[in-house]
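Trainee: Could you put together the complete structure from these sequences and hints?
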Amino acid sequence: MKLIKQGAEAKIYLAAFEELYFPFNEEKVIIKHRIPKRYRIKEIDEKLRKERTVREARILHRAKEFGVNAPYVYEVDLKDMKIIMEYIEGKRLKELLETIPIEERLRICREIGRQIGKLHEAGIVHGD
Numbered sequence: 001m002k003l004i005k006q007g008a009e010a011k012i013y014l015a016a017f018e019e020l021y022f023p024f025n026e027e028k029v030i031i032k033h034r035i036p037k038r039y040r041i042k043e044i045d046e047k048l049r050k051e052r053t054v055r056e057a058r059i060l061h062r063a064k065e066f067g068v069n070a071p072y073v074y075e076v077d078l079k080d081m082k083i084i085m086e087y088i089e090g091k092r093l094k095e096l097l098e099t100i101p102i103e104e105r106l107r108i109c110r111e112i113g114r115q116i117g118k119l120h121e122a123g124i125v126h127g128d
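Residues in the sequence shown are numbered from 1 upward in steps of one, following my numbering.
Check the hints yourself; a few may be wrong.
Taking lysine to any residue and the SDA-like style, the derived pairs with C-alpha atoms no more than 20 Å apart in a straight line are [claimed, not checked]:
| # | residue 1 | residue 2 |
| --- | --- | --- |
| 1 | K42 | L93 |
| 2 | K11 | Y39 |
| 3 | K50 | K28 |
| 4 | K82 | H33 |
| 5 | K11 | I88 |
| 6 | K5 | K28 |
| 7 | K28 | E98 |
| 8 | K2 | A15 |
| 9 | K28 | K82 |
| 10 | K79 | I41 |
| 11 | K94 | Y21 |
| 12 | K79 | G113 |
| 13 | K50 | E75 |
| 14 | K79 | Y21 |
| 15 | K82 | E46 |
| 16 | K79 | V54 |
| 17 | K118 | P71 |
| 18 | K118 | D80 |
| 19 | K82 | L48 |
| 20 | K94 | G113 |
| 21 | K28 | L3 |
| 22 | K118 | R34 |
| 23 | K11 | N25 |
| 24 | K50 | F66 |
| 25 | K37 | L93 |
| 26 | K79 | R52 |
| 27 | K5 | D80 |
The set of hints was computed from the structure by calculation and includes no laboratory data.
Mentor: Right, here's the structure in full:
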């Protein structure tokens, strides 16, 4: 398991499926671990992290139901506040857009707009 990103709310790890579930399955997974906040009262922190973990997993599932290209959720661990989900291979959007012609950028941006439309159709509003 390898730490690939850390934010204010969570650590993101890249792991092999076989590390968690079945031997001989080399598929990669993402583990999002919501980290405890020491400045919060323990009971409040646990409640907030649990609510946010459940909400995010439900949103990912609902997005998939509406045809949004979102990762599949394999497991939600409410003891450790982790979501284990499908790893999607590829470049980050920002990196990709910087390297391709304007016509391709426009095509990709239109597709992003369609995907956001599906999110809104599902009643999901994303803050980014």
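Trainee: Output the indices of the hints that this structure fails to meet, ascending.
Mentor: 1, 3, 7, 11, 12, 18, 22, 23, 24, 25
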